[in-house]
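*Asks:* Using the sequences and the hints, build the whole thing.
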Amino acid sequence: MLTNKNSLRRKGTIPYIVVIAAFIVLSVLSNGVLGRAQMALLVPTCCYIVAALALNLCVGVLGELSLGHAGFMSVGAFVGVITSESLSASIPNTGVRLFVAVIIGALFAALAGFLIGIPVLRLRGDYLAIVTLAFGEIIKDIITCLIVGVDENGLHIVFNVTGTMGVEDLHMTESGKTIIQGAQGAVGTETISTFVAGFIMIIVVLFIIQNFINSRTGRAVMAIRDDRIAAEATGLNITKYKMIAFVLSAGIAGAAGVLYGLNYSSIVASKFNFNTSILILVFVVLGGLGNILGTIIATTILYVLPEMLRAFSDYRMLVYAIVLIVVMIATNNKKIRQFIGGLLIRRKIKTNAEGGDE
Amino acid sequence: MAYQSDKIKKSHMVPFPTQSIIPEQDVDKHPVLECHRLGIQFGGLKAVDDFNIIIGKTEIAGLIGPNGAGKTTVFNLLTKVYQPTSGNILLNGKDTAGMNTTQINKLGIARTFQNIRLFNNLTVEDNVKIGLHNTMKYNTFEGVFRLPNYWKKEKEMHEKAMELLSIFNMKNLAGWQAGALPYGAQRRLEIIRALATNPSLLLLDEPAAGMNPNETIELMETISRIRDEFKIAILLIEHDMQLVMGICEGICVLNFGKVIAKGTAEEIQNNPAVIEAYLGKQKGE
Chain A
-14 MLTNKNSLRR KGTIPYIVVI AAFIVLSVLS NGVLGRAQMA LLVPTCCYIV AALALNLCVG
46 VLGELSLGHA GFMSVGAFVG VITSESLSAS IPNTGVRLFV AVIIGALFAA LAGFLIGIPV
106 LRLRGDYLAI VTLAFGEIIK DIITCLIVGV DENGLHIVFN VTGTMGVEDL HMTESGKTII
166 QGAQGAVGTE TISTFVAGFI MIIVVLFIIQ NFINSRTGRA VMAIRDDRIA AEATGLNITK
226 YKMIAFVLSA GIAGAAGVLY GLNYSSIVAS KFNFNTSILI LVFVVLGGLG NILGTIIATT
286 ILYVLPEMLR AFSDYRMLVY AIVLIVVMIA TNNKKIRQFI GGLLIRRKIK TNAEGGDE
Chain B
34 MAYQSDKIKK SHMVPFPTQS IIPEQDVDKH PVLECHRLGI QFGGLKAVDD FNIIIGKTEI
94 AGLIGPNGAG KTTVFNLLTK VYQPTSGNIL LNGKDTAGMN TTQINKLGIA RTFQNIRLFN
154 NLTVEDNVKI GLHNTMKYNT FEGVFRLPNY WKKEKEMHEK AMELLSIFNM KNLAGWQAGA
214 LPYGAQRRLE IIRALATNPS LLLLDEPAAG MNPNETIELM ETISRIRDEF KIAILLIEHD
274 MQLVMGICEG ICVLNFGKVI AKGTAEEIQN NPAVIEAYLG KQKGE
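One line per chain: the protein sequences are A and B, in this order.
Each residue of the first sequence is one higher than the one before, starting from -14 at the first, in the numbering used here.
Each residue of the second sequence is one higher than the one before, starting from 34 at the first, in the numbering used here.
Hints were generated in silico from the structure; no laboratory data involved.
Take these hints with a grain of salt, some might be off.
[As the list claims (entries may be wrong)] Just the calculated beta-carbon pair ranges, DEER-fashion:
1) B:60 with A:274: 53 to 59 Å
2) B:299 with A:115: 48 to 54 Å
3) B:305 with A:274: 56 to 62 Å
Here the structure is a predicted model, which means the values were calculated and not measured.
Each residue gets a CB set at the ideal place from its N, CA and C atoms; glycine is no exception.
*Replies:* The structure is reproduced here in structure tokens:
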């Protein structure tokens, strides 16, 4: 149980090393070794890693269950697509455009998080889970009703609530381009997400989350998670710090959504449904609550595995289920953990012995 | 039941001074805490009723009474974990009506808990730093991007935390996880965390619970030292009479939510109402 400050700080650098190493290996492999199917998985994996890191901030660090993080991804994805498409003329450089789209998408997702947080984060209990669950479904329906187009006069938006409207109701000029077509989702999007962008996003998000956790604000958030009553009695403003963490989490999930949305030429709102929220939650729980490296590894394995198992199409979900169970047993079994972590533990004792001399 | 209600009536009739005893050093200073007819009712039950107390600027006061007398409820009222249903609380002359727990702490009351409430997954040092949260500030942006102010304030916080930890000789435990500490050390850490919030009144809820006689004596000395060094008032709930009689300048005895006696240690020890509350009534008396 001895946790030395130095070892904690060293622990913070391990995720960076793992991510950078993985990036280098995959970059080398992508020159011919990886097939098209594997290459296509690179960017979505980055997106899910970022989304899982965001949810880990909410569930692991803040200690509030959110069942609607796919909803924030959805907000980010569609805002990102609209931004990217409407700026395609003014910012021809795809890298810069992606950056702008990520920032704007993240801001809108953070705004959505803020609006949800105002009523819910004042309450004690599992209300956030219920409300975010509803939010995920509502945002899906709203985007399904949305028809958006752009021409030289700017954005045209109509809400197709009755289901009778079409693209012509946007009243665009001839040069106009539709971005979102209701239930068909965003179609004809220019795919500007790249693996390098995904890698940079993971590094930036790692930087933000790790520094956040080790700052005054992050400490306050974790204190509230550990003991709300004691945190109040120590003078912490509970609602404020819960809000900061939740909005940050929503914003990062939105950024992941932008990257995801701009990776496909067409994307529908129902992609970000309840199942996706639960999938991200599974990554976080199996990776370990509050465990950043664990989240990254669990996401990579659990996202890539089902895709790799497509060759055994009939048995793939069966194998996936078995892997889930094995991971759960392995991470909860002391003997297996000791066996796997034998080397790590030996190193830990060494660092503690060094730290004890101080 | 008849016996009980009889006791309540009797104890109610015992005359007690409405003014608390302010120790010599604080007589000409403004009291830190004044409670006037404080009370709370849960349904039909008056958990605390007509509670009056005045605590001097640097007084060590004791709040004692049999189990279930309402001592912790008084603490919860003072820190607004419960909102009182009657009466008012003045802290440094300021009315605290309508405030919440966080505001009360910022105004100057810090407390510890009967069942220890630490931030178990954080380190000892971080627990103290949480106490320093409102006195040493930098914003989230500075924290995430590690701007110069972050390094400056974190360094100050670290030094201050170490200084506070050295009060209880806990500097060498700074890197430990708080939940992994031995029981006595957890109690001490809670006191340090409360002190870190820079209070003018420190509420200690059974600080000596679970400590052996030697540790209790050490704790007594530390409590006096804290008062002398930080120049603050301390109100403590304690069942260890050696500790209470040893360091408390004024003692208030609660029973069934009512104050049955107030006075110095000798006065309390010889007060028939107190003896009756603790030991029961002698037959034929």
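*Asks:* Take the hints in turn and mark each one as holding or not.
*Replies:* Verification of the hints:
1. B:60 with A:274: 53 to 59 Å: holds (55 Å)
2. B:299 with A:115: 48 to 54 Å: The hinted range 48 to 54 Å is violated for residue 299 of chain B and residue 115 of chain A, with Cβ atoms some 59 Å apart.
3. B:305 with A:274: 56 to 62 Å: Holds - the Cβ-Cβ distance for residue 305 of chain B and residue 274 of chain A, about 57 Å, lies within 56 to 62 Å.
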